[in-house]
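Peer 1: The residues making up each chain are set out below.
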Amino acid sequence: MTSIILLSVFGIINLFAGFAKNKQVLLPLVLVFLAVVFGVNLLDWNDTQTYFSNMLTVDNYAVAFTGIMTLTTLLLLPFSQRYIDKGDSNLAEYYSLLLFSLVGAVMMVGYENLIMLFIGVEILSIAMYVLAGSDKSSLRSNEAALKYFLMGSFFTGIMLFGIAMIYGATGTFNITEIGAAQAGLGADGVMDSMFVLGILVLVIGISFKISAAPFHFWAPDVYDGTPTFFTAFMSTVVKTAGVAAFYKLMAAAFAASYAAWFPTLVAITVLTLVVGNIGAVIQTSFKRMLAYSSISHAGYMLMALVAFNESSDTSILFYSAAYSAATIAAFGVLKLVQDQQRSADYEAFNGLGKTNPLLAFSMTVSMLSLGGIPLTAGFFGKFFVFSALLQNPDMLWLVVLAVILAAVGIYYYFRVVIAMYMQPAANQKPVRVESFTAFTLIVLTILTILLGIAPALVSELL
Amino acid sequence: MQEIVMPINNQGMALLCLLIPLLPLAGFLINGLGNRSIAKGLVSFIGSGTVLASFLITVYLFIDFRANGSRAYIVDYYDWISVGGMQVGFSFLIDQLTLLMMLMVTGIGFLIHLYSAGYMSHDENFGKFFAFINLFMFSMLLLVMGSNYVMMFVGWEGVGLCSYLLIGFWNKNNSYNNAAKKAFVMNRIGDLGFLLGVFLIFVTFGSVSYPQVFAEAAQYTGGIDSTVMIAITLLLFVGAMGKSAQIPLFTWLPDAMAGPTPVSALIHAATMVTAGIYMVLRSNVLYVLAPTTMEIIAVVGVVTALVAATIGLAQNDIKKVLAYSTVSQLGYMFLALGVMAFSSSIFHVLTHAFFKALLFLGAGSVIHAMSNEQDIRYMGGLRKYLPITFVTFLIGTLAIAGIPPFAGFFSKDELLAHVWEHSKLLWGLGVLTSFMTSFYMFRLVFLTFFGSFRGTEAQKSHLHESPMSMTLPLIVLAILSTVGGFLGIPPVFGENMHVLQNYLAPIYQFASVANPAAVAPMHLDHATEWLLMAVSVVAALVAAGIAYTMYVSKKTVPAPEGERLSPLHNLIYHKYYIDEVYDAIIVRPLMWLSSVFHRVLDVQVVDGIVNGFGKLTMYSGRTLRYVQSGATGFYLMVMVLSIVLILFLNFFIG
Amino acid sequence: MITALLLFWPALAALLVLLIKGQGAKKVAFVAALVEFALSLFALSAFDTQSGATQLALSLPWIESAGISFSIGMDGISLLMVLLTTFLVPLIILSSYKHAYKNPNAFYALILFMQTGLIGVFVAMDAFLFYFMWEVALIPIYFIAAVWGSANRIRVTIKFFVYTILGSLFMLAAFVYLYLQTPGTHSSDVNAFYQLSLSSESQSWIFWFLFVAFAIKMPVFPFHTWQPDTYTESPAQGTMLLSGIMLKMGIYGVLRWLLPVVPYGVSQWDEVVLVLAIIGIVYGSIIAIRQRDLKRLVAYSSIAHVGLIAAGIFTLNEQGLQGGVIQMLSHGVNVVGLFFIIDIIFSRTNTREITSLGGITQNAKLLSIFFMVLLLGAIGLPLTNGFVGEFLLLSGVFQYNAWFGGVAGLTIILAAVYMLRMFQGVMFGTKSELTASFTDLTLNEKAVLIPLVVMVFWIGLFPNTFLSISEPAVNNLLSIINR
Amino acid sequence: MNNIPEVIRTIPLDYYLYFSAALFVIGVIGVLTRRNAIVIFMCIELMLNSVNLLLTAMASYRGDTNAQVFVFFIMAVAAAEVTVGLAIIVMTYRNIRSTDVQLLNYLKW
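Residue numbers (the numbering used here), protein chains in the order written: chain A, 1 to 462; chain B, 1 to 654; chain C, 1 to 483; chain D, 1 to 109.
Worth flagging that the hints you see were computed from the coordinates, not collected in a lab.
Treat the hints with caution; some may be incorrect.
Stated by the list, open to error - Listed below are the simulated DSSO-like cross-link pairs for lysine-lysine, each with C-alpha atoms no more than 30 Å apart in a straight line:
1) Lys-23(A) with Lys-108(D)
2) Lys-172(B) with Lys-384(B)
3) Lys-431(C) with Lys-128(B)
4) Lys-615(B) with Lys-108(D)
5) Lys-102(C) with Lys-172(B)
6) Lys-429(A) with Lys-21(C)
7) Lys-159(C) with Lys-615(B)
8) Lys-86(A) with Lys-429(A)
9) Lys-86(A) with Lys-136(A)
10) Lys-128(B) with Lys-102(C)
11) Lys-21(C) with Lys-40(B)
12) Lys-429(A) with Lys-446(C)
13) Lys-446(C) with Lys-354(A)
14) Lys-108(D) with Lys-159(C)
15) Lys-102(C) with Lys-40(B)
16) Lys-354(A) with Lys-21(C)
17) Lys-27(C) with Lys-40(B)
18) Lys-159(C) with Lys-354(A)
19) Lys-98(C) with Lys-354(A)
20) Lys-27(C) with Lys-354(A)
21) Lys-172(B) with Lys-27(C)
22) Lys-128(B) with Lys-446(C)
23) Lys-172(B) with Lys-446(C)
24) Lys-40(B) with Lys-172(B)
25) Lys-446(C) with Lys-431(C)
Note that the coordinates shown come from a computational prediction; the quantities given were computed from them, not determined experimentally.
Chain A with its partners taken away, still in its complex shape (with noise of 0.2 Å):
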């Protein structure tokens, strides 16, 4: 609760120090805003409170969520380090918007009431429109930031239908209630059918949101276009809040009607994890390729979700924290290249391994990371997600599958480190990187490891 005003009014002063001069002061003050909003998160845990009339709770796992995705904001900042040096004029105001697109997404872990949820998705989404399009004089990013905005809000409306029939069911928008509700219904035939539309346009708007197919339509073409910088962000915080709050929903409110929506989330997750990685596979560009396979991510969150047991919060929370660190560290290594390059393809990353080690080796790991490769987080992740699903012997055939594509994203992702490390160097100029950034990129390639030699850390706060 703290964090949500704390995030608001850093948000707002940020604004105003864009007025200073110096643009140098920003980078560090937003950080240290992130850190103090990090830490007074931190005293909320074990602590549960609920706030507004019961529209947001405080639990562990709001905090835990809060925390990563407080984590992942002040990881990534970093990485901007070019915008303040080309001097870019709204700096303070991206700072801010990143701030305030927070703040939406700590409500999205929190929320007790419908109502939450929806503001927290639309000042999470409204935030991001503008970022896709901040680099104004590019077509690609007005071609992001324009089907981003049309794309979202459609299903903004779609998503608002399905509360309204939620609502008309039950007559309220506490997520409790909602799953007290339950047992008063299917007397009338009516009433339930309502609530089941409710539920199923309720999942399909939230599934846009997390860009799960077959409503993934706009992810590789709005991360593809969108500023590698909030690309990132987007990827990382907007999904990482999107599969918290879908699973609070789930688990909250529609747990007894597990029956009415389980079969279209399954096929919502197959298809999702099919698509990001065989899309994924033929991909040139190597930003388009994480694009895929932050929806093929997706994908394997969601098996946390079917599962729905006890180890799914854990496996999201787990998956959420690894996938973060290497996808941040992932855009961020790409974002350097790509300044020097000017371009995001696989070929720009050619003999990175030789003029700059550093980068190489933290993207290696990133991969080997999101691959799912032990000694890495991303392990843990499949692990954890893999043994929430097999609870039910019956779901083996969807581990089978992941199994399977999770070997075909071996192959995508390991063609950038084939590219650093087997291909010569296209242009044998280093890499430029701040010692800070270069800094930002050891931290999450150590936390990234230590995650894989001790996931304890994170994976028993729940």
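Since the structure of chain A is provided, determine the placement of chains B, C and D on it from the hints.
Peer 2: Quick look at chains B, C and D alone, frame taken from chain A:
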């Protein structure tokens, strides 16, 4: 039944036994590692000396054995392989048969070593030669001394390896190398059979050690000719086919003549090739339980003897003739085994070792003198130049032809007598073979030593008798070939004069329990025996006479290469085209299969399937990408349709 | 503690090696590997060879709430595998002495790092630790092969990598399932897995999940197609690591994690596996006959050899299992030696084509001797190491089914065919242009080959040294399987 | 003047339901069929408003103010969206001189 095999705890004796194979092994190591850095004199001293020492120790063992009441004993050194019930000890069995074989191997081995010192003296790889031939002695001794089938297999494979190394001794020449490889591979085909036989023995009797296996076999309750016994004996016999060059695995032996001549004498005539006979003899208790196998062995033996003899008739290479003669004689030995004339078989092994080693060494002496010419068409009249060689070679020929009183007469005669008792047909074929043997051997002698010299002037000027180190072994072997036959004097000359048979009697004791009928003594009346003797001697003499007329009186010289021959002659001259047939039905299909497996099955099918999954993924990726068309309207349409589909499926289906 | 030290020392050393610039890295790596070998000998001395139990064990909580522990220890089989690893790695490092690989620090660090993974696989007594180490061993070898390999390496190694990962992910799925079947708060300890009693239906599919992972690694026909390419394209040291040690991971996996865990699954499918393995023997051998590239020839021969090992251990009799164990050691020694000799030949002549070689024995007596000895080991001549394993394995297969034994035995013949063909082509005959000025072994090369040759004879003459170490463990396994 | 909820309740809830559903579908069809970004956006607004109507009706029938509060939130959010959306459309128009969504098709596959 009393236990005749006991372990001994006598350390000194154990050490002596161990020294017998180890001394040649030491020779191998010294000569092998110091190939060129050791002086030739020292090399031959080490090489021959170690074998001589082994021989002397063997003689001592033999005397000691006789002195101690001829009781067989086992010398255990250590557990070699022990896994579960499979206990394979590194241990030796010393009994009558072992000692006999050891005496033969080390004795003849020493003579051939001695001979090699002279014969190989000009070779740059003198040390290597002695190393290999010492290694052979080691392996052969393990083969005969081992106290279980696995130890025998060790020697079995070891001699095969040495044979390979020595056939390909001059390894710059790839046709020699091919011959070596062929020998090894054919041997290995047999080895597989042998090994499977050993496994079956283990499965059947729960042990691979001779005393246990034989004792179990003596009590065997499955009866005579049970499937398992036939299987065991046939599998073992496959091993013998390979090692002892029986049909169909005999073609390597003539090719093996690519090796240096002493090798041919030692390995491919006197010792290694008789390992098969030793094995069958050693396993006599198993074989008497499977008379069916015995029939097969007899038939294989006689066919081999006959086929090889016919081929021998038309060969012009002095060593090839001897090689086919060896195959033929080995066939004889198997024929003897097949009719359960075990002692006759080993008797022939022994005499054959004498005279065939003699003949090969004689041939070596001739080749030495002729500057490596081996074709008898370019020899002739060598009697004058090589008197010792001639005389000894003639003795060898008389022995192999079965002319009394030379060694071959006794062994062959006894053997044929047993065959007669078993089957008249086999006997007839045996005598026919004997006739041919006599013919081609005398043909060899006449073409080589009689008439006038047909070689080049350069060769003629170079003709000389071989040095002492070479002629001495010839003389010794000639003496042995002459008197060796008296080890087995047939009953017609006096009852119980068959020294060898009496000596070996204890090794059949299990067999006599398992199948008493099989090892019952021969019941031929003396008249028949005389008759049989007369027939074979006459046959041999007639053959010799024909050869004399053809090659001495008429001075016929075999047709030169390329001349048209009569179809039959052509067929046997080309060895019935067996090599060509093998090439067509085995080698080439295998090569073809290798290519097909690799290029088609492996690369296209198996790997193709693996790559197919990759390609499928790529293909679906490429196809799927068109859905991601970039058009917002299309995206929205697909998504809305998906929503409709989801709702439809949820509300109207199921 | 010693086990943990064994496990982590190479990784620590790898970090150290990374810091060293230039060719000095290989010296440090070599010393580190020797230290590791000494440590393993110390472990051997501390090991009670009479007992089949897990010894020198260490168990620390890892993911406590999930009952997953960092649990390591060794029984006889593990110990032998560890010894094989620690024995071969220094030699492999030494064998690279004359190569000047670019970025030597990374190269040697990866080798050492891989050693940690390999040892980890052999000492892990927890399923997830095992899986973890399994992949940890894979990553370095991928980079070794893909970065330092020859022209075609990229396509080949990525295939290898994806293929093996696919297999191991199946294994992971099976482990997760097994783990969830353990009672209480779940445990992934090996003994907890052994105590599971699963329905025969689930054993059946778990069997295949695990088997595919191990079969790809070994590799067993028809999962082998990555192998010849990868062996051929890897740098010599990579090939040695792959064939000498990594391949054993698969077999070890079968012994530790397949046979005792799903005995009913095994009894349902053992015939199928044996048939596959035996097909692999004949198939690999026949293909090897006509290979022109030395590395590829040995690679296919390796498929045949591994097929025999696989066939042997699936017979579930003592001869088969013990034969498998001893043959793993033998194969490791032989194949590393052969690949090293191929590397020696390649480094002098720049070719591995049999047809462009020949007559080397005239210039290089010592090389011929070593080559011949290793080759004889490979074709299983008695008194060399290969025989003991082959004999026991064939005996095991024969006891399982005589006809299988007969067909598997064809390896005896075919191995002679392709190996001697290779030897003849390379060493015998007349010298070719490329071999005219061939030089004999250098001191350093001798230093690598002599220990290998010593092992060829040691295992050949005194196999009980090793068999007795693994015997209690094998019996222990058998008693679990037959429970 | 009557109480507004009472006025609303003079028509059966089903009618509101069908009417807003119809409005919603019209909005959806508009989104699917039009190419002009502004029109598409207006159709989306139509969808939002249909939901608003529905929520209001339900709130009236239930006598629950929650939904009415939610309607205000929706309106506020919609206003924010309009701001951002129009800004994006204007920005795009500046670059491509068109508001046709199909023209922007650089990002695909």
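Peer 1: Out of the numbered hints, which ones does the structure contradict?
Peer 2: Hints 1, 2, 5, 10, 11, 12, 13, 15, 17, 21 contradicted; others consistent.
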